[in-house]
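What follows is each chain in one-letter form.
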Amino acid sequence: MALLATTDLRKRYGDAATGRVALDGVTLSVDRGELVAVLGTSGSGKSTLLHVLGGLDDSYTGSVKLDGREIRDLGDTELSRLRQRTIGFVFQSFHLVPTWRVRQNIALPASFARERVPDLERRVREVVELVGLTGRENDFPTSLSGGQRQRVAIARALLMKPSLLLCDEPTGSLDTQTGAQILELFREIHAAGNLTLLLITHEERAAAISSRIVRLEAGRVASDEGVAKESAA
Amino acid sequence: MRLVALGDLVVRDLRRSAGTFSVAALGIVAGIGTLAFFLGLGEGMRAVVLGRIFPIDRIEVVPRSASAGAVAANDDAPSTGIDESTVRALRATMGVRAVFPKLRILFPTSGRGGRELIGRDIGTGELVADGIDPALVRGDLPAGTDFSDPLPRASNHPCVRDVDCDEPEMCERPLSREGHPTGEGTCSPPIPIVISPYLVEVFNGAIAPAHRLPPLGDLLLRSAQGIELEWDLGRAGLGLARQGVQRRAHARVAGISRQAIDIGITVPLAVARRLNREFAGDDAADHYTSVIVQLRHPSDTAAVSARVRQLGLEVRTSGAEQMGLLVTLITLILSLTSVIIVVVAALNIAHVFYTLIAERRGELGLMRAVGASRWDVRALVLAEASVVGIASSLLGLVVARLAAWGCDRLAATRLPAFPFKPEHWFVFRAAEMIAVVGFGLGACFLSALAPAWRAARIQPADALAGGV
Chain X
1 MALLATTDLR KRYGDAATGR VALDGVTLSV DRGELVAVLG TSGSGKSTLL HVLGGLDDSY
61 TGSVKLDGRE IRDLGDTELS RLRQRTIGFV FQSFHLVPTW RVRQNIALPA SFARERVPDL
121 ERRVREVVEL VGLTGRENDF PTSLSGGQRQ RVAIARALLM KPSLLLCDEP TGSLDTQTGA
181 QILELFREIH AAGNLTLLLI THEERAAAIS SRIVRLEAGR VASDEGVAKE SAA
Chain P
1 MRLVALGDLV VRDLRRSAGT FSVAALGIVA GIGTLAFFLG LGEGMRAVVL GRIFPIDRIE
61 VVPRSASAGA VAANDDAPST GIDESTVRAL RATMGVRAVF PKLRILFPTS GRGGRELIGR
121 DIGTGELVAD GIDPALVRGD LPAGTDFSDP LPRASNHPCV RDVDCDEPEM CERPLSREGH
181 PTGEGTCSPP IPIVISPYLV EVFNGAIAPA HRLPPLGDLL LRSAQGIELE WDLGRAGLGL
241 ARQGVQRRAH ARVAGISRQA IDIGITVPLA VARRLNREFA GDDAADHYTS VIVQLRHPSD
301 TAAVSARVRQ LGLEVRTSGA EQMGLLVTLI TLILSLTSVI IVVVAALNIA HVFYTLIAER
361 RGELGLMRAV GASRWDVRAL VLAEASVVGI ASSLLGLVVA RLAAWGCDRL AATRLPAFPF
421 KPEHWFVFRA AEMIAVVGFG LGACFLSALA PAWRAARIQP ADALAGGV
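Quick note, the sequences are listed as chains X and P, same order.
According to the numbering used here, the first sequence holds residues 1 to 233 in order.
According to the numbering used here, the second sequence holds residues 1 to 468 in order.
With the rest of the complex left out, here is chain P:
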């Protein structure tokens, strides 16, 4: 039997029984629709959780706490950080795409700011700061944003007030014993900083309610760029730096990045190195606190982790694996529900085919009489089931996409803004959707197998006795 002839017969049969097949296919539409919907939602959640909150293609490597770090392990040095040679070794590791060292500010600092955003300054007795490779946050910052150490561009003109300096420079003045700016300072551009969305979440969830301040919405967050902070270097509530000139510098928010330290501010690596050298010594400037290792693929995690351990370091657990597992588990449970719907629908389709074959017994007998082989009869039934499967699965996909679009719209308009709120809650991967359609097709095909075999076993002589 040729494909064209088979197609012609299938179309004629489906047209004739369109109503019956439509009702039977509703179950497949519903099952495939919900399956695609839940898979899309699961992928969307994975994209947010593992792509934005806990990136799974990045791991943070820290000195092994027990051994006091790689340097200590390898060189018997007193430092607890990671030295440049270890960074190079990590960079050369198979499966590593890039390495971004981080350097914590290892001397007391404090700061205040936020007037532009919430109407008054909020101060912190201790301000934690990290220095990171600017390349790590480049993608998160607005185009053209300069996130580098501003010192080489500083005019260093003497000043006592900010107005003594040309824009965008501000006056960086020494601090008195009481912590007030005193004497003559020098003009320099504010240090660019990035802050973490977590910080915003903490502010909205804890600080804002306590101080009866408005929460930071999306609009406010966008306006955060350019906000200036006063940053007291070498001086904090719990103590003073052992060395260096305590002074009040200025920092300016360059943007928000998930790569920034959760609680605190993040500065360019060069700034952290320079300030650490001045206030905490060379060792604090030359040994990194941690290293962000970007993997070529999440599947490289195990191999890279092994190499990390060889180097006397360890991987800081981020919770990504657990969150990924949780998302996968939830998706699996929801998908299982959909699979059950599809299976029940497939059983219904099998029943429909059994009924149709009984109704068309005479017709099938006639087909056999005029030359149809048993395989032709099987092919006819299975082709009809396949067309029903593909059509209903594709319709299910359309329904899922429409439902996802509706949910996205609802979430965008009805849900309040919150950190990591995705613009799209669903990710429909082509391969998964093809697999879903394949599943719908497979379910219908398999459900028609037994009816097809029964149809092929019909004795033409018996069947023809009943008429067409």
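Same shape as in the complex, but just chain X:
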């Protein structure tokens, strides 16, 4: 069963006369455990797709179902809970609060949980170890390199053990070598558990770690290839 499914997803910025079409009838299905790279040039609608899939943007037409539930039908509280428990986000510009320590940034999603997150400190240590930042928990983001900051952001995304990780240009702000390390980290994370990973990127090298590549062009799905699956077969 598909974890994520979109049907005829459309979104336009601005009005009909002067606006721009960002998504133009995207129909997509992502199975549980897949690692999908969504490739496309700048302006192809990749980030918009991620925002819509993650419930961060509700001004669209069409259907987005996560785990069989139409996310448009969810109330704000339910949608927030879904973002907290089911989806993890990793952004190009990290989005870390510079005045908070690494562990505080990572623990942020737990702040909005209705119930106390059991063993939060242990869980923070686990994800810090997973992303290779052990010993840097009390540092401030400003003292970390770009790659380390992205690792903090990944750790934050993994804290609540989501089933879907949505990554928007996660290597876009990093140099080639660091970007490669982050991609390798994603591969390891994906391999370690039953995590569905959607990598939105313009970098072709992301394809190397993906099991499937979806290419977007002008808001449409130009191609949808199951790379890793085919090569494995």
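Take the hints with a grain of salt, since some may be wrong.
[Unchecked claim] Pairwise CB distance ranges, derived in the manner of DEER restraints: (1) P/Leu347 <-> X/Gly33: 53 to 59 Å; (2) X/Arg187 <-> P/Gln459: 28 to 34 Å; (3) P/Leu347 <-> X/Glu126: 43 to 49 Å; (4) X/Ala16 <-> P/Val344: 43 to 49 Å.
[Stated by the list, open to error] Computed, partial: chain X to chain P, Cβ under 8 Å: (5) Arg20; (6) Thr61; (7) Asp73; (8) Arg81; (9) Trp100.
No wet-lab data here; the hints were simulated from the structure.
Quick caveat: nothing in here was measured; it's all calculated off a predicted structure.
C-beta: ideal position from N, C-alpha, C; glycine also.
The hints should help you fit chain P onto chain X, whose structure is shown.
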């Protein structure tokens, strides 16, 4: 979102923007500080004016002037006073805590004294005297002071001079036709009297300047206890008593009380009754001039006043209501100024929150992305505003208390002594202060409502485009 997590985020945010919030909160501190200060001053003034000068929990009931009093109204008696049965009826009235009858001395008397205090005697051709229930002044007199009719304790030894009597008795001698003591008298203790602070004020304001005498200060007032007066009974400048033995008695000041008659001396009720019976007859002894009614609560005034009218009596207006209204009005005007300060400060806080929300747009978008609901965002902003409100209001209260303490000290050391000069000019009532803090909190909370709603409306996707 759990409270602990909310608190943690609030503390982190407030720490981060401590400088901004401190400046914004200064207005609240100033507003709440002045509000608490003025309310405290108003309550202090009310306590003095209505508690000491015009006690609002007491009313004075007098015979209705038009109907010549309750007795006349009810019994067709010629007296203009209030009889014992009416006093009992008043005592049984709902809302009445206690009843204290007063009996005016209804025959001519005169007196002189004051040598111990100002170096020479001052005489008065007519001396007005009231008799009151000793219970009414007990709280104002020094502990152990005896304020009762001394006659039962008198030795009544024959005498012609004071030295013929044993302390503390003095010689009470008949007066000649010319008004001089003559012949043999009897030894008896001086009659205890209390005087009013008003009397002191009149002396300081009118008599002392006219006679180039020093004003009576606080120290002198305290030493007034024990001062003796010569009190000519049945004889005054305007005439003589129709009956009784005119004689020179002695009186001794037992203390100062606001319950005492303003101009004159106040003696125990039993003394007034005894002397009235001797010099003015039984009717003057058995019918009270007025009655002080102590209420259970000032709010009982209306009900008790109605009962007073039913009994054919009336309430003597003291000016308390007008003074209370004046104090309330002044407090209201000053408080209104403070409220305006708080409102302006709250608007400033709203502006600060709008600015901070704009600055933290990306951060709020991130919070929404990682699971914060719109209510979580609202709660965060409102909680921050509430903490700022409570902290600044409490600081305002501290500032008000310090300012009040400073004013009290200044008044104590720089202002000259005067009647009713309070030791403390401020009364900070707990309920009012809680309300003031609540007002500061409420102002900040309300000022943050619109920014909180705006923060909650931020679209995460748009906000995240701008970075954290």
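Now the hints, each set against the structure:
Checked against the hint of 53 to 59 Å, the pair P/Leu347 and X/Gly33 passes, with Cβ atoms roughly 55 Å apart. For X/Arg187 paired with P/Gln459, a C-beta distance near 32 Å keeps the hint of 28 to 34 Å intact. For the pair P/Leu347 and X/Glu126, the supplied restraint of 43 to 49 Å holds, since their beta-carbon distance comes to about 47 Å. A beta carbon spacing of about 46 Å between X/Ala16 and P/Val344 agrees with the range 43 to 49 Å that was offered as a hint.
Proximity of X/Arg20 to chain P is violated relative to the hint, the smallest CB-CB distance being about 15 Å (cut-off 8 Å). Annotation: X/Thr61 was flagged as interfacial toward chain P, and the flag is violated, the nearest CB pair being 16 Å apart, outside 8 Å. Because the smallest distance between the Cβ of X/Asp73 and any Cβ of chain P comes to about 16 Å, over 8 Å, the interface hint for this residue is violated. With a least beta-carbon distance of about 7 Å to chain P, the hint placing X/Arg81 at the interface is held under the 8 Å criterion.
Given the 8 Å rule on beta carbons, the hint for X/Trp100 holds: about 7 Å separates it from the nearest Cβ of chain P.
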